[in-house]
Every structure is written in C-alpha cells, then in structure tokens.
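Visitor: Each chain is listed here by its residues.
2 protein chains.
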Amino acid sequence: MFKRILYPTDFSNSAGAALEYVKKLREAGAEEVVLLHVYDERNIDLYWEIEASYKEEPPEQVKHEIVKKMLGKSYGKLKGIEKELQQAGLKTKLIVVEGVPYEEIVKVAKDENVSLIVMGSHGERGFVERLLGSTTARVMRESPVPVLVVRPKDRKEGGR
Amino acid sequence: MFKRILYPTDFSNSAGAALEYVKKLREAGAEEVVLLHVYDERNIDLYWEIEASYKEEPPEQVKHEIVKKMLGKSYGKLKGIEKELQQAGLKTKLIVVEGVPYEEIVKVAKDENVSLIVMGSHGERGFVERLLGSTTARVMRESPVPVLVVRPKDRKEGGR
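So the protein lines, in turn, are chains H and Z.
Under this note's numbering, the first residue of the first sequence is numbered 76, with each subsequent residue one higher.
Under this note's numbering, the first residue of the second sequence is numbered 76, with each subsequent residue one higher.
Heads up, a few of these hints could be off.
Treat identical chains as interchangeable: a pair holds within one or across any two.
[As the list claims (entries may be wrong)] BS3-like cross-link-like pairs, simulated, lysine-lysine; straight-line CA separation at most 30 Å: (1) LYS130 / LYS148; (2) LYS143 / LYS130; (3) LYS182 / LYS166; (4) LYS152 / LYS99.
In case anyone wonders, no lab produced these hints; they're calculated from the structure.
Given the structure is predicted, the values throughout are model-derived calculations rather than measurements.
Build the full structure now, drawing on both the sequences and the hints.
Guide: What follows is the structure in structure tokens.
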C-alpha cells in the first residue's frame, strides 16, 4: 500500500526528519519515492524586482536567471537526497518545479499516482506561509491520498 | 514499524475514512490498535449550566450525569469499531476519556508507546476548535510520533 510515495522537501529540518522516515518505509513495503522540490515562486516575487533595479538586463530576464539558478541549486541538493534513498534500497524519480508548493505537491501526487505523501510538520515559512497557513496544512486539506506528517526529533515535546 | 497504532476517533466522516485506512495497515505490519475517543469537555462546558438551570439536582450532579451518559454512548460506539478492527485481524485496546482532544491524544500516544497516530483530516468542529485550529493540526504540532492524516473520499478534490 506504500509502493509509490511522494516525498516533497524544502530542505528544512522538518523535511529531513521526514526523509529518515521515508527510508524506513522500505520495511513496510515502499519501493519507489518521487522526490519533489518546489521552488516557491512567491518568495522570488518579493525581491526579484529589487535585484532587477540595479542590473542593466530587462527585469524579466533577471527573474528568469534567478529562478534558473535556484532550480539548479535545488537540483544539486535533490541529487544528494536521491543517493541516500537509493542506498536505502529505494527506486527514485526526481522532480524540480517552480510554483506554489502546496499546489504543485497536490498536482504531482495526482499525476504520479502515488499512494502516500510523507512530509515534515512544518517547513521554512515565508511571509505568505505565515498568512495562509503552512504548506503541510494545505496539502492535508487537498491531497488525494493520505499524508504522513513527521515532526523533527530535536523539537521539545509539548512545544509549539 | 507500525506494530502499535493509535487511532483517535470523534465518530466523524473523516475519522471513518481513517478507520478504513487503519484496517489496511494490517498488510504493512500493523498488529495492535489503541482505539481512543475523547469526550470534549469544552463542548459540555458550553451548555451544561443551561440544562442544570431547569433541573432540581445540583449543577455539578447534572454535569456529572451528562458526562457519564456521553461516555457511555461513546463506549458503545467504540465497541462497534473495535469489532470491525478485530475482524480485520487487529488486536485492540479501547480507551474513552473526558478532556481536551488534542491533549489527550498526545498523552495517550506517549503513555501507550505507539509508533504512529492515524486520524482524519478534520473532525466535527465546535466553536473552540474553529478558534484554535483543528485537533488534527494541534496533534501534528505536538505528537511524539508521526501522524498519518486521511481525508474522506467523498470530499471534492481541490476543495477546502
């Protein structure tokens, strides 16, 4: 029932705790992990115009360059995580996209026909996240499949 | 890794979807389910004084009687669910308590040494719940173990 799992990561501590759990799901029958990072387009919207203001290139070009650079960085990090998963005996598929995290996570869960999403209890929260509620909470509300939420161990029990 | 699971239920549709999932976890290695219902003391606080106002018994006695009746009702419902779980090949332990649901769920998870909590994405929400956020969200923040959240199938995809 866990053959194909979606593991979205924003590279936070919380996502790291979820990664350790994903590896252990091998013993519960997991075979393949769809490894996803969504570069949050809302973060860049808050600052790309500033960067564009002191560059001589057209603003759209500046934005495009930033996104390309960030996606490249994310891809590098994902490759490291992919290796860990493979060493744990799991097959992997790697996806990096730009967008609104909870929307892309729900979309990939549907498109990739996974049976479970495993994610951290809270990610790196930007301004928009604090207003709208965490990505995890929104995924929970809209996911077509169950969501397994993992809290990092280093947080105090009973804490916020 | 899922040998002993905590399944808290408020008897909502959402909890019903989680129940179906718990049964299936048998194939992933689940052996025993701690079946918990928390009678929400905050709900009764909102109306027991009204009921007391037209009865001749002392108010505390009225409150006690209501809680006793509600716990008895809950116990009856839990026995039905227990039977379903046993038919699915799972051992069970049944707990009914009065309290604040998220607090009791986290407490039982610790006391009973479970490795996973499986629950619905949203329960029957009273006034207090709407102010403070759902029980599921609060359990997620304070649970000592991962929380597997199941959304009922009849909700529209992409809905709230």
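Visitor: Go through the copies and call it for LYS143 and LYS130: within, between, both or neither, with a Cα cutoff of 30 Å.
Guide: within (17 Å within a copy, 72 Å between copies)
Visitor: Between the shortest in-copy and the shortest cross-copy C-alpha distance, which are at most 30 Å for LYS182 and LYS166: within, between, both, or neither?
Guide: within (21 Å within a copy, 37 Å between copies)
Visitor: I want to check one pair: LYS152 and LYS99. Are their C-alpha atoms no more than 30 Å apart within a copy, between two copies, both, or neither?
Guide: within (21 Å within a copy, 35 Å between copies)
Visitor: At most 30 Å between C-alpha atoms: does LYS130 with LYS148 qualify within a copy, between copies, both, or neither?
Guide: Within one copy only: 22 Å inside a chain, 70 Å across chains, cut-off 30 Å.
The structure agrees with every numbered hint stated previously.
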